[in-house]
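*Asks:* Line by line, the protein sequences are chains A and B. To convert, note that position 20 of the first sequence is 19 in numbering that gives the first Met the number 0; the numbers rise steadily by one, no gaps. To convert, note that position 26 of the second sequence is 25 in numbering that gives the first Met the number 0; the numbers rise steadily by one, no gaps.
Since the hints were made in silico from the structure, they are not lab data. Hints are supplied without guarantee of correctness; some may be wrong.
[What the hints assert, rightly or not] Here are the in silico distance ranges between beta carbons for each label pair:
{"hint": "1", "chain 1": "B", "residue 1": "A183", "chain 2": "A", "residue 2": "G211", "range": "51 to 57 angstroms"}
{"hint": "2", "chain 1": "A", "residue 1": "N249", "chain 2": "B", "residue 2": "T181", "range": "55 to 61 angstroms"}
{"hint": "3", "chain 1": "B", "residue 1": "R179", "chain 2": "A", "residue 2": "D86", "range": "25 to 31 angstroms"}
Keep in mind that this is a model prediction, so the values were computed, not measured. Cβ coordinates follow ideal geometry from the N, Cα and C atoms, glycine included.
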Amino acid sequence: MISNRAIDRLLDAAAWPELDARYSITGVAGHGGMGTVYVARDHVLERDVAVKVLDLADRQGSRAARLQKEARILARLDHPGIVPIHDAGSLPDGRPFYVMKFVRGHRLDELSTRSPLPDRLNAFSRVLDAVAFAHAHSVVHRDLKPENVMVGGFGEVYVMDWGVAQDDRADTERAIVGTPGYMPPEQEQVGERVDGRADVFALGNMLAHLAGDDAPPALRAIADKARASDAGERYADVPALAADLARFRNQDRVEAYRESVSERTVRLYRRYELPILLLLAYVVMRFVLLVWRGI
Amino acid sequence: MTFPATRLSVVQRTRSGDEETRRIALATIIEAYWKPVYKYLRLKWSLQPDDASDLTQEFFATTLEKDVVGKYDPQKARFRTYLRMCVDGFAANARKAERRLKRGGGVTLVPLDFETAEGEIATREPAVDADVDEMFYREWVRALLERSVAELKRSAEGAGRAVMFEVFRRYDLLDERETRPTYAEIARHLELTPATVTNHLAAMRRQFRAILLERLRELTSSEAEWEAEAAKLLGQPSSRATSARSRTARSGPADDL
């Protein structure tokens with residue numbers, strides 16, 4: 000009889016990817032519905048890498064094609080905010096795999112409640128840069144969420160998981176993909192192709208998540224505008240969202256929010272706090288001098 | 000790869016017009032399922048060994064072909080799930096009728112080694128702490144792996160590659176108490192080089208995977224069911240015993256592969 004422990008070992012043995020001698024698998028970094036990311040040692044370059052492997056090659060080849068498409072997209076999107084790919088191929092048993100940079104760090108959702116808001120917005124801005132770059136290369140991510148963003152130990156940010164991305168240069172698929180709660184209404188329609196505003200919607204949800212419940216009204220308005228149900232009411236593209244967020248971070252008036260007089264006063268005070276204080280000090284000094292001379 | 004040639008599943012072959020094909024298909028189902036069913040009856044239905052073995056025999060001998068396979072609709076459930084539900088219904092009816100089951104059950108399609116199954120229960124080998132559904136699944140996996148390992152062994156020995164299977168056995172087929180040896184230790188014991196051990200193990204694992212998927216294909220009724228079962232079986236290796244796992248160091252959630 001096969002023991003319980005042997006069952007686990009045998010299943011791991013059957014799933015274990017048979018890679019080239021260049022790589023030795025050292026562990027498992029994560030897994031999903033259809034595949035696993037292993038940690039491996041690259042003996043040639045003497046570094047750790049991550050290897051994404053399909054658990055099962057389907058007869059139709061659709062999942063294999065998706066992984067290969069993801070690898071090609073990563074190869075095309077050469078950007079500091081997108082994890083670089085090093086190698087790709089097929090295992091002897093037919094399963095495709097690709098090798099990418101091993102990112103040591105945390106998922107953005109794991110950081111979101113612990114770090115200060117400016118740090119979170121800084122990381123989010125880097126996500127915007129990466130997604131805008133992808134859009135400029137005709138790729139829509141379609142599954143943006145904090146869980147798909149890695150933040151490295153030195154603050155570097157990587158947008159991960161391009162497995163369901165829509166490549167406007169090549170795609171013909173019409174399947175519904177994405178994560179409920181993050182994907183826009185138009186992405187839930189069978190047969191609908193989406194444009195960059197689908198990612199704007201998901202980014203709006205991501206921003207709302209990162210901003211937290213006590214977010215300033217202007218920041219909440221930016222998130223709400225980005226995630227409007229009607230795509231026409233969202234920011235036209237990611238750079239427009241990034242520009243409005245930059246205005247918020249600079250304490251300028253944001254496009255998404257109509258502020259009251261008192262809010263505008265407070266914002267302007269914060270924006271120009273030093274000059275205002277210097278001016279006030281000057282006025283007070285003049286007044287004191289006038290009074291003193293008058294005496 | 001890699002894909003085994005398309006062939007009808009055993010479920011489909013139980014409906015064949017050919018008597019011999021039907022008989023072999025039923026025997027395959029019994030071989031794969033009798034032990035999970037017996038242990039399920041013992042643990043979920045709290046039956047005594049004699050009653051559980053009688054009911055197991057009766058279920059497979061008199062009910063399987065007509066009432067289980069004959070009424071199975073692949074659109075509604077996986078065959079494994081459906082068969083377990085049938086066992087539940089069968090056991091419930093037996094209990095309701097309060098009938099004393101006849102020892103031996105009359106017909107024996109394949110010899111069922113209840114003594115061994117009982118010994119496995121005694122050593123707590125079934126996942127008795129898990130819920131019964133999970134236990135049934137675990138026993139089904141165990142039976143599937145036992146068949147696959149036996150076939151791998153037969154194949155290796157038949158091809159004069161018994162030493163390759165021995166490498167696989169020593170590294171991947173350990174029981175609870177054994178510590179996994181290093182490649183160097185296996186090489187020393189079998190008078191091989193570590194590189195040869197690496198190559199033998201890789202070859203055996205590749206063949207084992209192919210056999211396992213083929214046996215699994217036999218036991219499922221459609222391509223979709225096979226894919227779902229295979230994904231469940233071979234996915235999520237990190238949830239099983241895996242070394243060098245880091246919770247914080249990772250590279251890609253892989254959720255959407």
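*Asks:* Range hint 25 to 31 angstroms: satisfied by the CB atoms of R179(B) and D86(A)?
*Replies:* For D86(A) against R179(B), whose Cβ atoms are near 29 angstroms apart, the range 25 to 31 angstroms holds.
*Asks:* Could you check the hint for me, namely that A183(B) and G211(A) are 51 to 57 angstroms apart, CB to CB?
*Replies:* holds (54 angstroms)
*Asks:* Return holds or violated for the Cβ distance of N249(A) and T181(B) against the range 55 to 61 angstroms.
*Replies:* Hint holds: Cβ distance 60 angstroms, inside 55 to 61 angstroms.
Consistency with the previously given hints is maintained throughout, with no hint failing.
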